[in-house]
Amino acid sequence: MRAFVFTDKALAGQAGRFVWLEIDTEKRENAPFRQQYVVPVLPSFFIVDPTSEKVLLRWVGGATVTQLQKMLDEGRAAMNGQVAAKSGASASHTGSKQAKAPSENTAPATPGGADALLARADGLFGEGKNAEAATAFRDALAQAPADWPPRGRATESLLFALLDTDANEACATLARDTFPALRNTPSAANVAALGLEAALGLPEENQARAGLVAALETDALAVVGDEKLDVAADDRSGVYLILVDARKEAKDEAGVKAMAQRWATFLEKAANAAASPAGRTVFDPHRLTAYITLGEPARALPMLEASERDFPDDYNPPARLAVAYKELKRWDEAIAASQRALERAYGPRKLRIYQNLADIQGGRGDSSAARATLEEALQLAESLPPGQRNENTIAGLKKKIDALPVQ
Amino acid sequence: MSVASCVLASMTWTPAVHGAAPEAQKVLPFIQDDYPAALAKARELELPLFIEAWAPW
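Taken in sequence, the protein lines are chains S and L. Heads up: the first sequence begins at 314 in the numbering used here, then just goes up one per residue. Heads up: the second sequence begins at 226 in the numbering used here, then just goes up one per residue.
Keep in mind that the hints were calculated from the coordinates and are not lab data. Backbone N, C-alpha and C define an ideal beta-carbon position, used for all residues, glycine too. The reader is advised that the hints may include incorrect statements.
Stated by the list, open to error - Pulled a few chain S residues facing chain L out of the computed Cβ check, cut under 7 angstroms:
(1) 454
(2) 457
(3) 460
(4) 629
Said to hold, decoys possible - Coverage of chain L stretches by chain S, computed from C-beta distances (three or more under 8 angstroms per stretch; other residues unrestricted):
(5) 252 to 263
(6) 269 to 277
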């Protein structure tokens, strides 16, 4: 998003329609933001009514320019609906600064109509009340005409809400049933990926599982096979990731390798086409995963070394190099890369680097060093402020420390 | 150009991390890591607040 979407000149006309804020969720100063807003995945996007601080719309994950433009239009419409509701006015907001924004479809939603139901669903989704949001999204979609502009976004949000509340069968079934209608839209990738992930999460004894997995794997393959589909590169890569998981679940070792190779080829092509080092580096994490899946972690080394040269203050390239060297059992280089990453890292993400370093030290047989690293990580985890502090992470670190052999 | 875009376009934007695209390519005037300031500006201009929650990875 940051390297490809927010740089698109097509968005220039949106500049005056919003106040724009970016929040690095890893920074300690932004912990209060994390307490106030539910951020389930990164990136997440919010459109907020500044008077009430109510979330009007939340979007989780990446988006294309087209999707972002639609999201922004819908956010403006929701904002104007809020203003109209507060003032008791109709669509006219003459006299407010908002009325001076570029012309837009900002008619407030009809009470009880699909738009009003969507506004309620978006509000619940924005508050992280995903079970209630799922019901509300379903109500909105049931009321809406087939060509309702927010259909794709509402469906994606509903699928996410279902998956997040472990309603896996409902999620997979909805994805399978709605995919044909959204097949040629930017929503296709997320519909297929969320649905397939939900289907794979069903217990083996679920009688619908095999049929849902097969149908959604076919849908996901159609997405990655359609190069003309307007889908964000990271969304398309996410589909490959889940397709690899599907082959793993099927215990199809040759299929895993074949899919990982397709994924790596796609990522390499996308990285080579990037106009800048920043654009190229976006693909590093998925390329690393693809190469590890192929059993070829050394293929990641040149790209990660280039990224570290291009972005010497960024902790990510050395953190990823540490993972690659660990896979290669090149322990000394893995430890050196980890230390470089730790010098540059901050926030909760630093805990992952510590944990990888402990695994490296354990792999080398130095459990006392691994213990010291995990104790340092635990100290950091316990020092994080509310909003960044995670009790599950703390419990996990304690468990890892307890599991280490005493020397 | 609206009042809002004049004000926002004058804000200095610097990339938060090295993973971000070069400054010259940015087309939206993001405020960095200052929720209270952005909220106050949105209230003053009567504009919705767009927030990107992200992390450098």
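Hint-by-hint comparison with the structure:
1. 454: Constraint on residue 454/S not satisfied, violated at 24 angstroms.
2. 457: 23 angstroms, violated
3. 460: Where the cut-off is 7 angstroms and the nearest Cβ of chain L is about 26 angstroms from residue 460/S, the hint is violated.
4. 629: 6 angstroms, holds
5. 252 to 263: Since three or more residues must qualify, the claim that chain S covers the region 252 to 263 of chain L holds, with 10 doing so at under 8 angstroms.
6. 269 to 277: Answer holds; 8 residues pass the 8 angstroms Cβ test.
Against the hints set out earlier in the document, violations occur for numbers 1, 2 and 3.
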